[in-house]
Every structure is written in C-alpha cells, then in structure tokens.
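With the hints as your guide, set chain B onto chain A.
Chain order of the listed sequences is A and B. Read in order, the letters of the first sequence correspond to residues 1 to 76 in this note's numbering. Read in order, the letters of the second sequence correspond to residues 77 to 301 in this note's numbering.
FYI, nobody ran anything at the bench for these hints, they're computed from the structure. Just so we're clear, the structure is a prediction, and the values are computed from it rather than from any experiment. Don't take every hint at face value.
To be verified - Pulled a few chain B residues facing chain A out of the computed Cβ check, cut under 7 Å: (1) D127; (2) I162; (3) N163; (4) K233; (5) T235.
Said to hold, decoys possible - Derived DSSO-like pairs: lysine-lysine, alpha-carbon spacing no greater than 27 Å straight-line: (6) B:K167 - A:K61; (7) B:K100 - B:K233; (8) B:K198 - B:K236; (9) B:K233 - A:K71; (10) B:K198 - A:K21; (11) A:K34 - B:K157; (12) B:K167 - B:K233; (13) A:K35 - B:K296; (14) A:K76 - B:K111; (15) B:K236 - A:K72; (16) B:K232 - A:K21; (17) B:K198 - A:K61; (18) A:K71 - A:K12; (19) A:K21 - B:K239; (20) A:K21 - B:K296.
For every residue, glycine included, the Cβ atom is placed at its ideal position computed from N, Cα and C.
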Amino acid sequence: MDYTLEELEEMKEILLIAIPKEISARDFYLNASKKFKTQESIQLFLSLAEQEKGHEASLRKILAEIEENIKKIKNK
Amino acid sequence: MKLDELAQYNGQNGQKAYIAYKGKIYDVTDSKRWKNGLHMARHKAGEDLTDFLALAPHTDEVLKSFEVVGTLDVEESKSTKKEKLINFYQKFHPHPVLIHYPLGLFFFAALMEALFLLTSLKSFDDSAIYAFSVATLMSIPAILAGLLSWWINYDKKTTKIFKNKIRFSILLFFIGVLTIFIRITHPDMLANHNSLYLLYNLLIFANLPVVLFIAYEGGKITWPS
Chain A
1 MDYTLEELEE MKEILLIAIP KEISARDFYL NASKKFKTQE SIQLFLSLAE
51 QEKGHEASLR KILAEIEENI KKIKNK
Chain B
77 MKLDELAQYN GQNGQKAYIA YKGKIYDVTD SKRWKNGLHM ARHKAGEDLT
127 DFLALAPHTD EVLKSFEVVG TLDVEESKST KKEKLINFYQ KFHPHPVLIH
177 YPLGLFFFAA LMEALFLLTS LKSFDDSAIY AFSVATLMSI PAILAGLLSW
227 WINYDKKTTK IFKNKIRFSI LLFFIGVLTI FIRITHPDML ANHNSLYLLY
277 NLLIFANLPV VLFIAYEGGK ITWPS
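If we strip away everything but chain A, and leave its shape as in the complex, we get:
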C-alpha cells in the first residue's frame, strides 16, 4: 500500500510514542511477578511481560520499515 509522506511521519510518531509504553508495561509486569510466591501467579505476570516484549519488538520492526519508506520517498 502506498502511503503519503505525511501519513508515514504520523505513523512513525505513533510508534515512537508507543514503544516506551510497551517497555514500561513489561517492567511493570516483571515487578508484579516478584510480588508473588505461587508459580501460577509468577508465570501469569512473566507471560504478560513476554507479550509486552513481543509488542515492543513488533513496533520496532514496523518503525524500521516505516523509516525506510520515509527515506525512499525523501530520496526520490
């Protein structure tokens, strides 16, 4: 799909803002996991933390692609 430069810049901004929030959420769940003693509770929060890590990795991947597209448009 062809995006305009403005759309790509907007998408870049959204992703940039979202990434630290994923990191923060992961940290939050990791700290939460330390508050419990039962394996079930610990695993629950560790699993949520891993999902946040996955979100962050996905966002970073998409961000890199968007930045690549912005570069291409600017170099045209």
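Leaving out everything else, chain B in the frame of chain A:
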C-alpha cells in the same frame, strides 16, 4: 553464530532458512510454514525471533520438530543497554519532575506582574521578576531532562511533536533571558512607561502560551489519543 551471520540464512535464493529462539538456532528450511524464508507473511528467516513467540498462536513446542544447528552468540546489544537506560529513566522520570517548577513559576510571575499593573506597587514587579528569573533558570534542567528523555526513550528521532517541543523550548528560554536582561539593564523603565516597559510586560505574558504549548505537546506524548 552471530546475528549478522544468522542474517545470511534468510531462506531466499536457495539459502537455508535459520531462525534463532532463546539462544538456539533452528533450521526451518523444510517447513511448509516457512516458504522462501517467510512465515505467515510476517516473520523472516535469518532473525532472532525470541521476542515474537509470546505473540504467536502456538508455543515454543513447535520448534522441537526442527533441528538445532547452532547457538546464537548473545552479547549485550545496543538495544539491551538502551532498555536498561529506559527502565532507569522511567524509574526516576526527571523530565516530568522538573517541568512543573518553571511552568508554575511563569504563571506566578505573570500574576504578580498583572497585580503590579493594577496597583503600581513595585513589590509586585519585584516578585514577578524574581519568579520569572527562577522559572527561566529552572527551565534549563527541565529542557536538559527533556533532551535526555528524547535520547533515551525516542532515539533522538525527529517528529512533529519533538520538533515543536525543541523549537518552543528555545523560544521560551530566549524570551526568559531577554526579559531578565531588559529588567536588569533598564530598571528605570517601570517609572517611565516607555516602549521598553511595554515590551517587558509583553514578554512576561508571552511566555505563558509558549510554556503551555510545550506542556500540551508533552501531554500528547504521555497521554496519546
């Protein structure tokens, strides 16, 4: 095997398709779900997919059917170091802590100056310029903490919000220094009511929309909608 070596096994042009997961490297070349090194039109071979598996509709059990062909040399990457810095920053969050002082003091200075204009009591103008000076001074650590946050959390990437915050922070500081300079070098203007006096007052009040705009842009980062 290092990450850049792994990248060569991307499953394209007859190359083998390798993926890494939790330090182990798996050969997925013969998998039906990894055609031409691409999985679900999303994940590419030649990459470390550790972080992505938590989002997959399957568990890591599926990897048991693939041959382990090596191990990934995991050294502390730049992103891991950055993550530690982000966690450190988010623990102490210096920028949100520091911005409230100049924000409040610029408003207090404007209030005092407004009272001076209404009553002509010089003590109000004294209060205004003291508060304004401290606000300008406090804007330095606030701006520096903002730049630190921009570097740590956002890799110094430029987008509309960050450009606005930087431009208007420079303007805020410039107005601050200019106002203090005028007041110190021309203390007699308060009695003369000349054009410099008008400019001085204008600048004290002009910093309010500037500081509000910077705060508004910051709010868009903290509470995006």
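Going through the hints against the structure:
1. D127: D127 (chain B) check passes; min Cβ-Cβ to chain A is 4 Å, inside 7 Å.
2. I162: holds, 5 Å
3. N163: Where the cut-off is 7 Å and the nearest Cβ of chain A is about 5 Å from N163 (chain B), the hint holds.
4. K233: holds, 6 Å
5. T235: holds, 4 Å
6. B:K167 - A:K61: Holds, because 26 Å separates the two Cα atoms, which is no more than 27 Å.
7. B:K100 - B:K233: violated, 33 Å
8. B:K198 - B:K236: Answer violated: K198 (chain B) to K236 (chain B) is near 42 Å, above 27 Å.
9. B:K233 - A:K71: holds, 13 Å
10. B:K198 - A:K21: Cα-Cα ~48 Å, so violated.
11. A:K34 - B:K157: Cα-Cα ~22 Å, so holds.
12. B:K167 - B:K233: holds, 22 Å
13. A:K35 - B:K296: Answer violated: K35 (chain A) to K296 (chain B) is near 32 Å, above 27 Å.
14. A:K76 - B:K111: violated, 32 Å
15. B:K236 - A:K72: holds, 19 Å
16. B:K232 - A:K21: holds, 17 Å
17. B:K198 - A:K61: Violated - the C-alpha atoms of K61 (chain A) and K198 (chain B) are around 60 Å apart, more than 27 Å.
18. A:K71 - A:K12: Holds: K71 (chain A) and K12 (chain A) sit about 12 Å apart, inside 27 Å.
19. A:K21 - B:K239: holds, 21 Å
20. A:K21 - B:K296: holds, 13 Å
Hint compliance for this structure: hints 7, 8, 10, 13, 14 and 17 are not met, and every other hint is.
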